[in-house]
Amino acid sequence: MAKSAMLRAFGRVWLKPLTFWALVTPALWLGWQWSGLLTGGVHALGFNPIETTHRFLGDTALRILLISLAITPFRDLTRWLPIMKIRRRVGLAAFWYAVLHLAAYLGLDLYLAANMSIAGMFAGLWNDVVERIYITLGMIGFLIFIPLSLTSFNSMVRRLGAKVWQRLHYSVYPLGVIAVFHYGFMVKGNQLGPWIHGGVLLALLAWRGWSIWKSSPRPAASMQSGS
Amino acid sequence: MITRKPFNWQLPDHEITPKNRFMNRREIMRAGGALGVLGLAGCGVGESAAAHTELPDVAGMGYRETSYTVDDPSTPLEAVTGYNNFYEFGTSKSDPARYAHAMSTDPWFIEVEGHAAQTGRYALADMIDYSALEERVYRLRCVEAWSMVIPWVGVPLADVLRQFEPTEDARYVQFISNSNPAEMRGVRSRVLDWPYKEGLRMDEAMNELAFLAVGLYGETLPNQNGAPIRLVVPWKYGYKSAKSIVKIKFVSEEPVTSWKQSAPREYGFYSNVNPNRSHPRWSQASERVIGGGVFARRETDMFNGYSEQVAHMYDGMDLIENH
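Read top to bottom, the protein sequences are chains A and B.
The first sequence begins at 27 in the numbering used here and counts up by one.
The second sequence begins at 123 in the numbering used here and counts up by one.
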């Protein structure tokens, strides 16, 4: 009993702040490395800091997105309900890393390549969207992400109604698929990274599909309640 | 003019052993030692060319400077040896520096096959004239839209290929890289169809700029840069410059090249640096300058700035079609 009391206290007091700091740590680390780089000090960004930044932000956004998708299955498996309190902040963190990822691409690639012209930057963006499949997918994914983050507040859940809100937020799954393909088309050759992330996503999707199928009313089944 | 009587301990100039001959002597003695061990073990069959299988040290051999230089400063050595695409050791840029030391490069043999009068298996030291090394500073343009400036040490590719007396049927030459899963951890996963293959049209291979490097920055080539011998084709994207070459094949048809095989829509056989042909992954109009400051960029030049030497080879060719 003592153990579960501790677990309850952890869920009530510590879970949300610890999650918050865990989620901002990658951004703080990146900022720290950049301050080292720009002041001529030590940093871990390597010989192509801009490329390192893109990869780091993209990886972080995708991994946090996958973690957010794992939270409901985690609840179902462990029956530990407090975990649901962090689902929104995890999902929002994925969105903010996607924003940083996009901002770095716009500012450090396109803006510089266009000799610091904003118009040139957007022209470059349009070019990339039209010509490069991984950019096309990245932008589509980002556009899907915007309404999800805008409707993440309680007031929006109330305004939309739980059913509509739920349906809208199912688009996080196609978003995950698009994000993995964005990654897969970006890398050269047949690399392991996209397959690993794709495998994790597939497992999460399979779990979701199975639990929906299990809980949907079927004619033959009587009152078996799935969660 | 100042003249002075030599000290009595000074050798007359004609008796001084040239540095490279002196270094060579040490090589021969070391090779002799190896032979001795073989003899003691009681196996008479060793490599018959044992005296030439050890690789000379480039720093000891010396090299001459050439007029092949680039106006921009050379990329710092740490970046040249710390930021590499050499997927045989892993796909991260820092993997080659971390893992390439596991590859043994001495002794090194190269198989020469196909349409040539002289074919067979050659020890590297027999194939390359280490007394004729020269330095060439070339810009290296990676297809990923970044570039470096690297002082290579080596010999013109044409001089090496001519030794094999290629026949008229030799219209292309293919280069095959080392692929040893025991020492090259990257080839254990199928990122590409190993071994790595590259190729050039014969006139490209005989062009004055095509180069075989055995060193950089005056030193023996580090493993992560393609030791002990690699191609340097400065007017083409970096992946055309095959590393750690173990086979040279003279062929009559356009040979298989690894990246074209992997993604034909993206990578062509020619792969000439061309700012006008937008690659499906990267715009090629400009490039990041590695080691040139965080935000350093430059406009990409046609043929990477080597039009004068190479453009004539592609007269009348559509370089977008034949990318």
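Treat each hint with caution, since some may be false.
[What the hints assert, rightly or not] Simulated crosslink set (SDA-like; lysine to any residue; CA at most 20 Å straight-line):
1. B:Lys371 with B:Thr213
2. A:Lys214 with B:Ser189
3. A:Lys111 with A:Lys214
4. A:Lys214 with B:Gln383
5. A:Lys42 with A:Leu118
6. A:Lys214 with B:Val378
7. A:Lys214 with B:Trp404
8. A:Lys42 with B:Pro344
9. A:Lys111 with B:Glu388
10. A:Lys42 with B:Arg387
11. A:Lys42 with B:Val378
12. A:Lys42 with B:Pro317
13. A:Lys214 with B:Thr213
14. A:Lys214 with B:Arg312
15. A:Lys214 with B:Ser311
16. A:Lys214 with B:Ala433
17. A:Lys214 with B:Ser400
18. A:Lys214 with B:Ser384
19. A:Lys29 with B:Arg399
20. A:Lys214 with B:Glu266
21. A:Lys214 with B:Lys371
22. A:Lys189 with B:Asn207
23. A:Lys42 with B:Trp404
24. A:Lys214 with B:Asp248
25. A:Lys214 with B:Ala292
26. A:Lys214 with B:Gln406
27. A:Lys214 with B:His445
28. A:Lys214 with B:Ser214
These aren't lab readings, by the way, just hints derived from the structure by calculation.
Hints, verified against the model:
1. B:Lys371 with B:Thr213: This hinted pair is violated, its Cα atoms lying about 27 Å apart.
2. A:Lys214 with B:Ser189: Roughly 35 Å between the alpha carbons, so the hint for Lys214 (chain A) and Ser189 (chain B) is violated.
3. A:Lys111 with A:Lys214: 39 Å, violated
4. A:Lys214 with B:Gln383: Given that 20 Å is the threshold and the Cα spacing comes to 12 Å, the pair holds.
5. A:Lys42 with A:Leu118: 13 Å, holds
6. A:Lys214 with B:Val378: 18 Å, holds
7. A:Lys214 with B:Trp404: Holds - the C-alpha atoms of Trp404 (chain B) and Lys214 (chain A) are around 11 Å apart, at most 20 Å.
8. A:Lys42 with B:Pro344: Violated. Lys42 (chain A) to Pro344 (chain B) sits at ~50 Å, over the 20 Å cutoff.
9. A:Lys111 with B:Glu388: 46 Å, violated
10. A:Lys42 with B:Arg387: Violated: Lys42 (chain A) and Arg387 (chain B) sit about 48 Å apart, past 20 Å.
11. A:Lys42 with B:Val378: Judged against 20 Å, a Cα distance of about 56 Å means the pair is violated.
12. A:Lys42 with B:Pro317: 51 Å, violated
13. A:Lys214 with B:Thr213: Judged against 20 Å, a Cα distance of about 9 Å means the pair holds.
14. A:Lys214 with B:Arg312: 12 Å, holds
15. A:Lys214 with B:Ser311: Roughly 14 Å separates the two Cα atoms, so the pair holds.
16. A:Lys214 with B:Ala433: 29 Å, violated
17. A:Lys214 with B:Ser400: 16 Å, holds
18. A:Lys214 with B:Ser384: 9 Å, holds
19. A:Lys29 with B:Arg399: It is violated: about 65 Å lies between the C-alpha atoms, which goes past 20 Å.
20. A:Lys214 with B:Glu266: 10 Å, holds
21. A:Lys214 with B:Lys371: 27 Å, violated
22. A:Lys189 with B:Asn207: 50 Å, violated
23. A:Lys42 with B:Trp404: 41 Å, violated
24. A:Lys214 with B:Asp248: 37 Å, violated
25. A:Lys214 with B:Ala292: It is violated: about 31 Å lies between the C-alpha atoms, which goes past 20 Å.
26. A:Lys214 with B:Gln406: At roughly 16 Å apart (the allowed maximum being 20 Å), Gln406 (chain B) and Lys214 (chain A) satisfy the hint.
27. A:Lys214 with B:His445: Roughly 18 Å between the alpha carbons, so the hint for Lys214 (chain A) and His445 (chain B) holds.
28. A:Lys214 with B:Ser214: 11 Å, holds
Violated hints, in rising order: 1, 2, 3, 8, 9, 10, 11, 12, 16, 19, 21, 22, 23, 24, 25; the structure is consistent with all others.
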